[in-house]
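Under this note's numbering, think of the first position of the sequence shown as 8, with each following residue one higher.
Just so you know, the hints here were simulated from the structure itself, not pulled from any lab data.
There may be inaccurate statements among the hints.
Result set (DSS-like, lysine-lysine): computed pairs, CA atoms no more than 30 Å apart in a straight line [stated by the list, open to error]:
#1 K452 to K463
#2 K503 to K446
#3 K218 to K154
#4 K484 to K496
#5 K217 to K320
#6 K456 to K446
#7 K280 to K332
#8 K324 to K224
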Amino acid sequence: MPAALVNSFRKVVLLNLEGLQIEEIEPYAFENGGLIKKLYLSFNDIQSLTHATVYGLAALEMLTLDRNEIRRLTSDVFNNTPNLEVLSMSNNKLERIEDGTFRRNTMLEDLQLASNKLTHVDLSLIPSLFIANVSFNQLTQLSVPNKIETLDASHNHIRSVLGHRNPILTQLNLRSNNLTDTAWLSNFPSLQELDLSYNELEHISSKSLKKLHHLVKLLLQHNRLMSLNLGISLGELQVLDVSHNQIVYMDNFNPFNKLQQLYLDHNSIVTIKIASNHSVQNLTMSHNDWDCQGLRNLNNLMDKLSDADQYCKVGYKLEGSLCCKEHDKPYLDRLNEQIKLTTIAEKVHRGDGRCSANDTLASIQNLTSFAEHIEARRRYFQTVASKLPNGIRDPEQEQQLLNDLRTQIDVYIHHYTVSKQGLVEASVNLNIVFEELNKRNQFYKNDAKASVLKLKEQQAVVEALNNTVTTLKSEVKHLKAQTRETKKKMLDAEKKI
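Make the full structure from the sequences, and use the hints.
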């Protein structure tokens, strides 16, 4: 883009140059653009942005550079744009933003950097920020500014969240990251919407949430939560999603009288307690380990269900639209079942020396037998299905066969703790089970070979030691004989004297 373009319109306040296939902006092209407040350069092929590129834009308040090819920014690029309030550079190829890049932009409130390749940007160095989006990058650490209100850092690799107390932040999106703890939440007491879904959280304590009195929406789906204790501080909570976790126990929901949407599906929940005067309008509870009596006690919730179990695992039955099991002692029975379902893979993690090569070989044989059993069941269902003539198959019988197969697949998935794929054919999940069994089979074969080799090495050492002992015994015997002979000669010599 030549400087002559701006020189011809020196009084322009808004300049739109979007979608013009611009690859390069001539240095100091905006030298006479001192009145421009809004500059739109998105949807071009601009590859670099330097101090000379934006020189002269002293009045610039908004700059959009979305969907270009920009790879880097020089640290002085925005030194002469002190009035910049909005900067949007989403969908570029930025890899890093140096710490001093925005040091003179004391009015910058809105920063959009989504869908780049950023591994570093310290937002806390831009204290004026009000809204920021750094989603879909490669960040591993997030530094939160003190006055930001809305922050989207979803779809990164964030493991830690830093920052001092921020009483203004109301919306925080950290979906699809690598977070394992939530202690940092106490720094953001004004949060209203918090998305921590698709992370690696195993536990959230009530201590982390106790200051979040204004929280309205909390998304925790697709983590590794085993239990959930929200405490009594979340009195404003309206939406809670903890689906697709490993939750067995949940604290009662009686304190949350404003809760309207509750998603509990795809966990291992046995029972829950919800007050009769609840305000829940939408509820999911399928794919859990419900106690039947506990479900019967939730009759006041059943009309709010928006999902259902299509088929039940072995030993479970349908109670209304949900699968459950009759228990005398629900949690104790569930614990015993979990112990029984301890996988062979977990046993391998026991201490060295506690498993012999024979144990490993036996495990391989058991695993192979089980795989053969699954294959036999699959062939059986295929055979039965093939015998049903086309056009006159009994739909109910065919559906029952499919349900039985799905149930068996679910049992195997649960037994081997394999991740189940949703919204796919049952055969896809069955193939996942086979792949897992093959991996484990190969693992144990390799482990057995290693154990046998180690055993042979130990046997060789023992054999060498035995040979050494035999040699030493022979030498001792020889020395004893020599000693006796020497003593005899000495006695004979004394007698002659």
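Here's how the hints hold up against the structure:
no.: 1; hint: K452 to K463; verdict: holds (16 Å)
no.: 2; hint: K503 to K446; verdict: violated (85 Å)
no.: 3; hint: K218 to K154; verdict: holds (18 Å)
no.: 4; hint: K484 to K496; verdict: holds (19 Å)
no.: 5; hint: K217 to K320; verdict: violated (38 Å)
no.: 6; hint: K456 to K446; verdict: holds (15 Å)
no.: 7; hint: K280 to K332; verdict: holds (17 Å)
no.: 8; hint: K324 to K224; verdict: violated (33 Å)
Of the hints listed earlier, those the structure fails to meet are numbers 2, 5, 8, in rising order.
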